[in-house]
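Novice: Here's the letter readout for the chains.
2 protein chains.
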Amino acid sequence: MNAIFKRRSVRSYTDRPVSGEDIHDLLHAGMSAPTANNARPWQFIVVTDKEILEKMPMDNYTLGVKGAQAAIVVCGDTEKDVMKGALNVIDCSAATENILVEAADKGLGSVWYAAYPMEDRIKHIRELFSLPENIVPYAVLPIGWPEKETEVQDRFDAAMVHENRW
Amino acid sequence: MNAIFKRRSVRSYTDRPVSGEDIHDLLHAGMSAPTANNARPWQFIVVTDKEILEKMPMDNYTLGVKGAQAAIVVCGDTEKDVMKGALNVIDCSAATENILVEAADKGLGSVWYAAYPMEDRIKHIRELFSLPENIVPYAVLPIGWPEKETEVQDRFDAAMVHENRW
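Chains as they are written, first to last, in the working numbering: chain A, 12 to 177; chain B, 12 to 177.
Worth flagging that the hints you see were computed from the coordinates, not collected in a lab. Please read all numbers here as calculations on a predicted model, not as lab measurements. Possibly wrong hints are sitting among the right ones.
Said to hold, decoys possible - Calculated pairs, EDC-like style, for lysine to aspartate or glutamate (alpha carbon to alpha carbon, straight line, at most 16 Å):
| # | chain 1 | residue 1 | chain 2 | residue 2 |
| --- | --- | --- | --- | --- |
| 1 | B | Lys66 | B | Asp131 |
| 2 | A | Lys95 | B | Glu130 |
| 3 | A | Lys17 | A | Glu162 |
| 4 | A | Lys91 | A | Glu144 |
| 5 | B | Lys66 | B | Glu138 |
| 6 | A | Lys66 | A | Glu138 |
| 7 | A | Lys117 | A | Glu32 |
| 8 | A | Lys17 | A | Asp116 |
| 9 | B | Lys61 | A | Glu174 |
| 10 | A | Lys61 | B | Glu174 |
| 11 | B | Lys91 | B | Glu144 |
| 12 | B | Lys95 | A | Glu130 |
Claimed, not checked - The calculated label-pair distances, taken between Cβ atoms and stated as ranges, are:
| # | chain 1 | residue 1 | chain 2 | residue 2 | range |
| --- | --- | --- | --- | --- | --- |
| 13 | B | Tyr72 | A | Ala169 | 31 to 37 Å |
| 14 | A | Lys61 | B | Lys77 | 52 to 58 Å |
| 15 | B | Phe167 | A | Met94 | 21 to 27 Å |
| 16 | A | Asn49 | B | Glu144 | 29 to 35 Å |
| 17 | B | Lys61 | A | Glu65 | 54 to 60 Å |
| 18 | A | Pro143 | B | Glu65 | 42 to 48 Å |
| 19 | A | Asp165 | B | Lys77 | 31 to 37 Å |
| 20 | B | Glu144 | A | Asp70 | 30 to 36 Å |
Backbone N, C-alpha and C define an ideal beta-carbon position, used for all residues, glycine too.
Next comes chain A alone, as it looks inside the complex:
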């Protein structure tokens, strides 16, 4: 069974380090997502500094990043978006999902902590990294080796499928 189906949100991690090679593969996966007009309007911040990781939680729902070995912040560049951010969010979401699936494929754990569209979360990350005005943080992804094994869930739901008509 492939990584798309085995991916689960993982919020606690062991002390085992994550290699630079693994981080590179995750970024490579993110950058392999398709983008509107092939604009590739993204930037990625890789955080491995423990002191910064400690400061990254955006609120009580995003504490998992403190115990991670690393984190990736997926950002969009509004200057590369002809629709003022409306395309950035799509492209950055595709990149984020690729990173999460690639992590699952490696046995790494992560979870999608959305910054955008929550203004207070965006502000926290923007200030922590002194981001330029045109750079919007979309997602914060802690990366680490899962503390526990997660069970695969079958999420297919026939009630969500319509054939040839609504």
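Following the hints, put chain B in place on chain A, whose structure we already have.
Specialist: What follows is chain B alone, placed relative to chain A:
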């Protein structure tokens, strides 16, 4: 995961049919994406009726869907979104990317034709399928066996990576 890296946009397809089992797997991949608050705010329209496929192009940039064996329309349900659609677009984009990667994994071809946020494209799909007010079409994905082989491209770009600081 290899399919993440080999996925390319494919706009022309052979006459070989796409099986119901393959379509099921694509939908299953879509529904395996993570969603904000686990809301799973999506609906999928599977189109295999040739007459409907003929009517699906939203403009001259989305004609590929006419020659496809099938199409999947990924929709969001704004009634399941506490942020009036701002979370729908993220969740539906993750589902869309999963479908495209799963298609690549099977050797199937597809391309991400965004409906949202283009008002005229949304209107076309909304009218064609008589969608309820709360259902927003996000993406139209033609599905078929690629007419030509596509080359794998390495899209890693070190200029997009920042370490521990902007």
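Novice: All the hints need checking, so say for each whether the structure fits it.
Specialist: Results for each hint:
Proposed proximity of Lys66 (chain B) and Asp131 (chain B) is supported: the alpha carbons are some 15 Å apart, at most 16 Å. Between Lys95 (chain A) and Glu130 (chain B) the CA atoms are separated by roughly 15 Å; this keeps the pair inside 16 Å, and the hint holds. Under the criterion of a C-alpha separation no larger than 16 Å, the hint pairing Lys17 (chain A) with Glu162 (chain A) is consistent with the structure, at around 8 Å. Distance hint between Lys91 (chain A) and Glu144 (chain A) is fulfilled; the C-alpha atoms sit about 13 Å from each other, no more than 16 Å.
At most 16 Å may separate the alpha-carbon atoms for a hinted pair to count; Lys66 (chain B) and Glu138 (chain B) meet this at roughly 11 Å. For the proposed pair Lys66 (chain A) and Glu138 (chain A), the alpha carbon gap of about 11 Å is at most 16 Å, so the pair holds. Restraint check: the Cα-Cα separation between Lys117 (chain A) and Glu32 (chain A) comes to about 11 Å, which is no more than 16 Å; the hinted pair holds. Restraint check: the Cα-Cα separation between Lys17 (chain A) and Asp116 (chain A) comes to about 8 Å, which is no more than 16 Å; the hinted pair holds.
Restraint check: the Cα-Cα separation between Lys61 (chain B) and Glu174 (chain A) comes to about 13 Å, which is no more than 16 Å; the hinted pair holds. Between Lys61 (chain A) and Glu174 (chain B) the CA atoms are separated by roughly 13 Å; this keeps the pair inside 16 Å, and the hint holds. About 13 Å separates the Cα atoms of Lys91 (chain B) and Glu144 (chain B), which keeps this hinted pair within 16 Å; it holds. For the given pair, Lys95 (chain B) sits about 15 Å from Glu130 (chain A) by alpha-carbon distance, which is consistent with the 16 Å threshold.
Our hint of 31 to 37 Å for Tyr72 (chain B) and Ala169 (chain A) holds, since their Cβ atoms are close to 32 Å apart. For the pair Lys61 (chain A) and Lys77 (chain B), the supplied restraint of 52 to 58 Å holds, since their beta-carbon distance comes to about 54 Å. The hint said 21 to 27 Å for the Cβ distance between Phe167 (chain B) and Met94 (chain A), and at roughly 26 Å that hint holds. Between Asn49 (chain A) and Glu144 (chain B) the C-beta distance comes to about 33 Å, which sits within the given range of 29 to 35 Å.
Hint check: Lys61 (chain B) to Glu65 (chain A), Cβ distance near 58 Å, so the stated range 54 to 60 Å holds. Restraint check, Pro143 (chain A) to Glu65 (chain B): a C-beta distance of roughly 46 Å satisfies the suggested window 42 to 48 Å. Checking the proposed 31 to 37 Å range against Asp165 (chain A) and Lys77 (chain B) shows it holds: the Cβ atoms sit about 34 Å from each other. Range check, Glu144 (chain B) to Asp70 (chain A): about 32 Å between beta-carbon atoms, so the 30 to 36 Å window is met.
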